[in-house]
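Got two chains here, each in a separate frame; can you build the complex from them with the hints?
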Amino acid sequence: MLILSEDIRHRLKGEFKGLPRKVKLVVFTQEFECAHCRENTSLAQEVASLSDKLDIEVYNFALDKEMVERYGVDKIPAIVVEGEKDYGVRFYGVPAGYEFTTLIEAIKGVSAGESGLASKTKETLAGLKEPLHIQVFVTPT
Amino acid sequence: MAVQLAHRMAIESDMVRADMVEASEFPHLVHKYNVFGVPKMVVNEEVEFEGAQPEPLFLAQVMKATMK
Chain P
1 MLILSEDIRH RLKGEFKGLP RKVKLVVFTQ EFECAHCREN TSLAQEVASL SDKLDIEVYN
61 FALDKEMVER YGVDKIPAIV VEGEKDYGVR FYGVPAGYEF TTLIEAIKGV SAGESGLASK
121 TKETLAGLKE PLHIQVFVTP T
Chain E
1001 MAVQLAHRMA IESDMVRADM VEASEFPHLV HKYNVFGVPK MVVNEEVEFE GAQPEPLFLA
1061 QVMKATMK
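These protein sequence lines are chains P and E, in that order.
Taken in order, the first sequence gives residues 1 to 141; the numbers are from the numbering used here.
Taken in order, the second sequence gives residues 1001 to 1068; the numbers are from the numbering used here.
Extracted from the complex, chain E is given alone in its bound form (with noise of 0.2 Å):
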């Protein structure tokens, strides 16, 4: 759910790229994000945010990053 809400937001603009990180296989990230619970979501390394939201929800919180 998540990640397919981040694809359909590279798909629609050219200023978004989203990457599936399947977390067992890539501990290192799961270490440097602080991942404790999924979906995790991480924006331009600068925005974390966590469990499923909403579109307008997910929206938001991706936008936050524009902010800083």
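Bound conformation, chain P alone (with noise of 0.2 Å):
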């Protein structure tokens, strides 16, 4: 069964199109006592679908234990949006509704290796000297 309706998909290929670089959905699922992680996994093979751009690599959170540690996923689901290299964008729950737009935005950002930031806000983050971990709490919408 398809989550995304038709139009969603077609406007989205369109939109695909212009992704300058490959970008990889790593995607960390289970298959007991996870209640949505089917959903995620499938939402994301959806999207990677949509572009020869886009490449889909579904990992065992139980299982592939060196994945897990690469990519320092400690919860599930999860996607992972990886363009030329791991730039630390993560979706930990199914990216719906509102956040599916910023699932589509991340895979555009990452794609260009371009943040899109104001010029105050590049240099400002230019000068950081330690590790920032900013975790957004959202519900759907």
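Since the hints were made in silico from the structure, they are not lab data.
Wrong hints could be hidden among the right ones.
[Stated by the list, open to error] Covered, in the sense of this in silico footprint (three residues per stretch, anywhere, with C-beta under 8 Å from a C-beta of chain E), are these stretches of chain P:
| no. | stretch |
| --- | --- |
| 1 | 109-121 |
| 2 | 125-131 |
[What the hints assert, rightly or not] Under 10 Å between C-beta atoms, here's a sample of chain P residues computed to sit facing chain E:
| no. | residue |
| --- | --- |
| 3 | 56 |
| 4 | 60 |
| 5 | 81 |
| 6 | 91 |
| 7 | 93 |
[Unchecked claim] Distance condition first, Cα-Cα at most 25 Å in a straight line; then the derived SDA-like pairs of lysine to any residue:
| no. | chain 1 | residue 1 | chain 2 | residue 2 |
| --- | --- | --- | --- | --- |
| 8 | P | 22 | P | 57 |
| 9 | P | 85 | E | 1044 |
| 10 | P | 122 | E | 1053 |
| 11 | E | 1068 | P | 57 |
| 12 | P | 65 | P | 33 |
| 13 | P | 85 | P | 126 |
| 14 | P | 120 | E | 1066 |
| 15 | E | 1068 | E | 1038 |
| 16 | P | 75 | E | 1028 |
| 17 | E | 1068 | E | 1054 |
| 18 | E | 1064 | E | 1036 |
| 19 | P | 129 | E | 1061 |
| 20 | P | 24 | P | 49 |
| 21 | P | 122 | E | 1054 |
| 22 | P | 53 | P | 11 |
| 23 | P | 13 | P | 31 |
| 24 | P | 85 | E | 1014 |
| 25 | P | 24 | E | 1068 |
| 26 | P | 129 | E | 1054 |
No residue lacks a Cβ here, since even glycine has one placed at the ideal position from N, Cα and C.
Here you go:
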């Protein structure tokens, strides 16, 4: 069963034509005790199927320890949006509603390797000497 | 909006990583971080703030974590 409507699939295919570089969705899932894992994986697979610039890899959170460690994933369902490098962009839980747009924007941003932030923000971030981990809690809308 | 901003910062800087966390799927984290409203931001386990904010204010809040 498809999650995305024909309209949205069509629109996204068009938007993804502009992707300059390949993007990989690295999905972490589990068969049991993860209510939303199946939906999350299906959603990522559907999105990835809409462009040949998009690849997907699916890993088992319980079994694929090496990948879990490499990406520093500590809960599931998880999607890592990786471009030329791992920029540190993560989705924990299904990116539904408004956050589906966020997923699409993350794909475009990672593909371009360009944040689109104001130059003042870029300057400030360039001065960072220690790592920052930002968690943003949201609810489906 | 807030998630996009955080992700953009991660794209911009190798020092930043940014997570969207769907609150309803991770009740233990909602409890741990006292999430009563969304969006709620937690930076380095040290700085917390709430609500949609324009880029300069969001950045200022995030940078507070570097002063701890």
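The hints, checked one at a time:
1. 109-121: holds (count 10)
2. 125-131: holds (count 6)
3. 56: violated, 18 Å
4. 60: Result: violated, 18 Å to nearest chain E Cβ.
5. 81: Holds, about 8 Å.
6. 91: holds, 5 Å
7. 93: Holds: closest Cβ of chain E sits about 2 Å from residue 93(P), inside 10 Å.
8. 22(P) / 57(P): holds, 13 Å
9. 85(P) / 1044(E): holds, 22 Å
10. 122(P) / 1053(E): Roughly 17 Å separates the two Cα atoms, so the pair holds.
11. 1068(E) / 57(P): Given pair residue 1068(E), residue 57(P) is violated - Cα atoms ~38 Å apart, limit 25 Å.
12. 65(P) / 33(P): holds, 18 Å
13. 85(P) / 126(P): Within the cut-off at roughly 18 Å; holds.
14. 120(P) / 1066(E): holds, 17 Å
15. 1068(E) / 1038(E): holds, 24 Å
16. 75(P) / 1028(E): holds, 11 Å
17. 1068(E) / 1054(E): holds, 23 Å
18. 1064(E) / 1036(E): holds, 21 Å
19. 129(P) / 1061(E): Holds, at roughly 17 Å.
20. 24(P) / 49(P): holds, 12 Å
21. 122(P) / 1054(E): Status holds; Cα separation ~15 Å.
22. 53(P) / 11(P): holds, 16 Å
23. 13(P) / 31(P): Answer violated: residue 13(P) to residue 31(P) is near 30 Å, above 25 Å.
24. 85(P) / 1014(E): holds, 10 Å
25. 24(P) / 1068(E): Distance of about 35 Å is beyond 25 Å: violated.
26. 129(P) / 1054(E): holds, 24 Å
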